[in-house]
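**Student:** Sequence:
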Amino acid sequence: MLLADQKTKSLSPIERVNIARAAARPKGADVIASITSSFEELHGDRLMGDDPAVICGVGEISDKRCMIIAQQKGSNAADRVKHNFGMMNPSGYRKAHRAIKLAERFSIPVITIIDTPGAFPGLSAEKNGISISIAENLSMMSDVKVPIITLVLGEGCSGGAIGIGINDQMIMLEHAYYSVISPEGCAAILWKDRSKKDLSAKELKMQSEDLRAFNMVDVIIPEGPEGFSVNKKSIFGSIKNEICLALDKLSQYSEEELLLVRYKKYRSF
Numbered sequence: 003m004l005l006a007d008q009k010t011k012s013l014s015p016i017e018r019v020n021i022a023r024a025a026a027r028p029k030g031a032d033v034i035a036s037i038t039s040s041f042e043e044l045h046g047d048r049l050m051g052d053d054p055a056v057i058c059g060v061g062e063i064s065d066k067r068c069m070i071i072a073q074q075k076g077s078n079a080a081d082r083v084k085h086n087f088g089m090m091n092p093s094g095y096r097k098a099h100r101a102i103k104l105a106e107r108f109s110i111p112v113i114t115i116i117d118t119p120g121a122f123p124g125l126s127a128e129k130n131g132i133s134i135s136i137a138e139n140l141s142m143m144s145d146v147k148v149p150i151i152t153l154v155l156g157e158g159c160s161g162g163a164i165g166i167g168i169n170d171q172m173i174m175l176e177h178a179y180y181s182v183i184s185p186e187g188c189a190a191i192l193w194k195d196r197s198k199k200d201l202s203a204k205e206l207k208m209q210s211e212d213l214r215a216f217n218m219v220d221v222i223i224p225e226g227p228e229g230f231s232v233n234k235k236s237i238f239g240s241i242k243n244e245i246c247l248a249l250d251k252l253s254q255y256s257e258e259e260l261l262l263v264r265y266k267k268y269r270s271f
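Following this note's numbering, the numbering of the sequence shown begins with 3 at its first residue and continues without gaps.
Honestly, I wouldn't trust all of these hints.
Pairs of lysine to aspartate or glutamate residues, derived as DMTMM-like cross-links and limited to a Cα-Cα distance of at most 25 angstroms, are as follows [as the list claims (entries may be wrong)]: (1) Lys267 - Glu257; (2) Lys194 - Glu17; (3) Lys235 - Asp65; (4) Lys103 - Glu138; (5) Lys11 - Glu244; (6) Lys266 - Asp212; (7) Lys103 - Asp145; (8) Lys198 - Asp212; (9) Lys84 - Asp52; (10) Lys207 - Asp220; (11) Lys204 - Glu228; (12) Lys103 - Glu259; (13) Lys251 - Asp220; (14) Lys147 - Glu259; (15) Lys207 - Asp195; (16) Lys235 - Glu257; (17) Lys84 - Glu42; (18) Lys204 - Asp220; (19) Lys103 - Glu257; (20) Lys234 - Glu128; (21) Lys66 - Glu43; (22) Lys147 - Asp32; (23) Lys11 - Asp250; (24) Lys204 - Glu186; (25) Lys84 - Glu128; (26) Lys198 - Glu211; (27) Lys251 - Glu211; (28) Lys147 - Glu258; (29) Lys235 - Glu62; (30) Lys207 - Glu186; (31) Lys129 - Asp52; (32) Lys234 - Asp32; (33) Lys147 - Glu42; (34) Lys66 - Glu259; (35) Lys198 - Glu17; (36) Lys266 - Glu106; (37) Lys147 - Asp220.
Computed beta-carbon distance windows for the label pairs [to be verified]: (38) Ser197 - Glu258: 49 to 59 angstroms; (39) Val83 - Gly46: 17 to 27 angstroms; (40) Met50 - Ser144: 37 to 47 angstroms.
No lab work stands behind these hints: they were computed from the structure.
From the three backbone atoms N, C-alpha and C, an ideal C-beta is built for every residue, glycine too.
Work out the full structure: start from the sequences and follow the hints.
**Tutor:** See the structure below:
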């Protein structure tokens, strides 16, 4: 899918990163509310607690029951603190793990919504096994016998994103980004100068059309130069439509075919 217009094409990579990070950009909870007719949230990882940086639950999308897992940044200062700015702790990845295995048990597809600057980097996360919790999700999601659809909503950064990002079909908002590291982090490592984030944003090839060229992204949803914060109604409709199309497509595979196609997809990278 091509970018929407010439004005959009004129935006630099770092300008598009800023659009993806905009405070007014709809969050995971907004997507859930807009595309589902009902949603029942599930809480807790049955080990440590309930991570507010991720929302898990069963929802109906056009009469299709799905397990939805959405990273949640928060929409104002207090809300962002409450949701830890969308940075998941080990309990969040384990909550997602529990939800996906529940979906497999009841043979319902999984939808993951990515919007995070990364997994929580604090000492408590390290002590409680952030690395192993992400690794266990990668292993489990590689073999889970139900379809997985991923929507990259805003920021998709590092292991914090990939920890719920293994999928059969990836949908990406036009100005969202998906990368091993943030532009600032890359600039700090390579040039010891975070002000070179403009250069690193370009060189990282983190934008939707770059990833589409690498066959990582299946569908790009246009936003226009103003972004999702302005064009909400039409983009919510596009998200719902593309998810339904993906569900219909993936429902045609047997379990064996689904796992084989997923395996070939990731081997091709």
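**Student:** Evaluate each hint against the coordinates.
**Tutor:** Now the hints, each set against the structure:
Of the pairs offered as hints, the one joining lysine 267 and glutamate 257 holds, with about 15 angstroms between alpha carbons and a cut-off of 25 angstroms not exceeded. Between lysine 194 and glutamate 17 the alpha-carbon distance is near 21 angstroms, which keeps this suggested pair within the 25 angstroms criterion. Between the alpha carbons of lysine 235 and aspartate 65 the distance comes to roughly 20 angstroms, so the proposed pair stays at or under 25 angstroms and holds. At roughly 12 angstroms between alpha-carbon atoms, lysine 103 and glutamate 138 fall within 25 angstroms of each other, so this suggested pair holds.
Among the hinted pairs, lysine 11 with glutamate 244 is consistent with the structure: their alpha-carbon atoms are about 23 angstroms apart, no more than 25 angstroms. Note on lysine 266 and aspartate 212: the hinted pairing holds, with a Cα-Cα distance of about 20 angstroms set against a maximum of 25 angstroms. Restraint check: the Cα-Cα separation between lysine 103 and aspartate 145 comes to about 11 angstroms, which is no more than 25 angstroms; the hinted pair holds. The hinted pair formed by lysine 198 and aspartate 212 meets the criterion: a straight-line CA distance of about 20 angstroms does not exceed 25 angstroms.
Restraint check for lysine 84 and aspartate 52: the C-alpha separation of about 12 angstroms stays at or below 25 angstroms, so the hint holds. Between lysine 207 and aspartate 220 the CA atoms are separated by roughly 16 angstroms; this keeps the pair inside 25 angstroms, and the hint holds. Straight-line distance between C-alpha atoms of lysine 204 and glutamate 228 comes to about 20 angstroms, which keeps the hinted pair within the 25 angstroms bound. Between lysine 103 and glutamate 259 the CA atoms are separated by roughly 19 angstroms; this keeps the pair inside 25 angstroms, and the hint holds.
Restraint check: the Cα-Cα separation between lysine 251 and aspartate 220 comes to about 12 angstroms, which is no more than 25 angstroms; the hinted pair holds. Proximity of lysine 147 to glutamate 259 is assessed by CA-CA distance (about 10 angstroms); at most 25 angstroms being required, the pair is judged to hold. Distance restraint check for lysine 207 and aspartate 195: the Cα-Cα separation of roughly 19 angstroms lies within the 25 angstroms cut-off, and the hinted pair is therefore satisfied. The suggested pairing of lysine 235 with glutamate 257 is violated, with an alpha-carbon distance near 35 angstroms, which exceeds 25 angstroms.
Simply put, lysine 84 and glutamate 42 have alpha-carbon atoms about 20 angstroms apart, close enough for the 25 angstroms limit, and the pair holds. The suggested pairing of lysine 204 with aspartate 220 holds, with an alpha-carbon distance near 21 angstroms, which does not exceed 25 angstroms. For a cut-off of 25 angstroms, the pair hint linking lysine 103 to glutamate 257 stands: about 15 angstroms separates their Cα positions. For the hint pairing lysine 234 with glutamate 128, the CA-to-CA distance comes to about 37 angstroms; that exceeds 25 angstroms, so the pair is violated.
Annotation: proposed proximity of lysine 66 to glutamate 43 holds, straight-line Cα distance about 16 angstroms (limit 25 angstroms). For the hint linking lysine 147 to aspartate 32, the alpha-carbon distance of about 28 angstroms lies beyond 25 angstroms, and the restraint is violated. With a CA separation close to 32 angstroms, the supplied pair lysine 11 and aspartate 250 exceeds the 25 angstroms bound. This hinted pair checks out: lysine 204 and glutamate 186 have alpha carbons roughly 12 angstroms apart, not beyond 25 angstroms.
Between lysine 84 and glutamate 128, the direct Cα distance comes to roughly 20 angstroms. Compliance with the 25 angstroms bound is thereby established for this hinted pair. For the given pair, lysine 198 sits about 22 angstroms from glutamate 211 by alpha-carbon distance, which is consistent with the 25 angstroms threshold. Distance hint between lysine 251 and glutamate 211 is fulfilled; the C-alpha atoms sit about 22 angstroms from each other, no more than 25 angstroms. A threshold of 25 angstroms between alpha carbons decides the hint, and for lysine 147 with glutamate 258 the separation of about 8 angstroms falls inside it, so the pair holds.
At most 25 angstroms may separate the alpha-carbon atoms for a hinted pair to count; lysine 235 and glutamate 62 meet this at roughly 19 angstroms. A hinted pair counts as satisfied when its Cα atoms are at most 25 angstroms apart, and lysine 207 with glutamate 186 qualifies at roughly 14 angstroms. For the given pair, lysine 129 sits about 17 angstroms from aspartate 52 by alpha-carbon distance, which is consistent with the 25 angstroms threshold. Under the criterion of a C-alpha separation no larger than 25 angstroms, the hint pairing lysine 234 with aspartate 32 is consistent with the structure, at around 10 angstroms.
Straight-line distance between C-alpha atoms of lysine 147 and glutamate 42 comes to about 22 angstroms, which keeps the hinted pair within the 25 angstroms bound. In summary, the hint linking lysine 66 to glutamate 259 is supported, as the alpha carbons are separated by about 21 angstroms, within the 25 angstroms threshold. A threshold of 25 angstroms between alpha carbons decides the hint, and for lysine 198 with glutamate 17 the separation of about 13 angstroms falls inside it, so the pair holds. For the suggested pair lysine 266 and glutamate 106, the alpha carbons sit about 21 angstroms apart, so the restraint of at most 25 angstroms is met.
Under the criterion of a C-alpha separation no larger than 25 angstroms, the hint pairing lysine 147 with aspartate 220 is consistent with the structure, at around 20 angstroms. A C-beta distance of roughly 51 angstroms is found between serine 197 and glutamate 258, which places it inside the suggested range of 49 to 59 angstroms. Taking 17 to 27 angstroms as the suggested C-beta distance range, the pair valine 83 and glycine 46 conforms, at roughly 21 angstroms. Distance hint for methionine 50 and serine 144: a CB-CB separation of about 24 angstroms, inconsistent with the stated range 37 to 47 angstroms.
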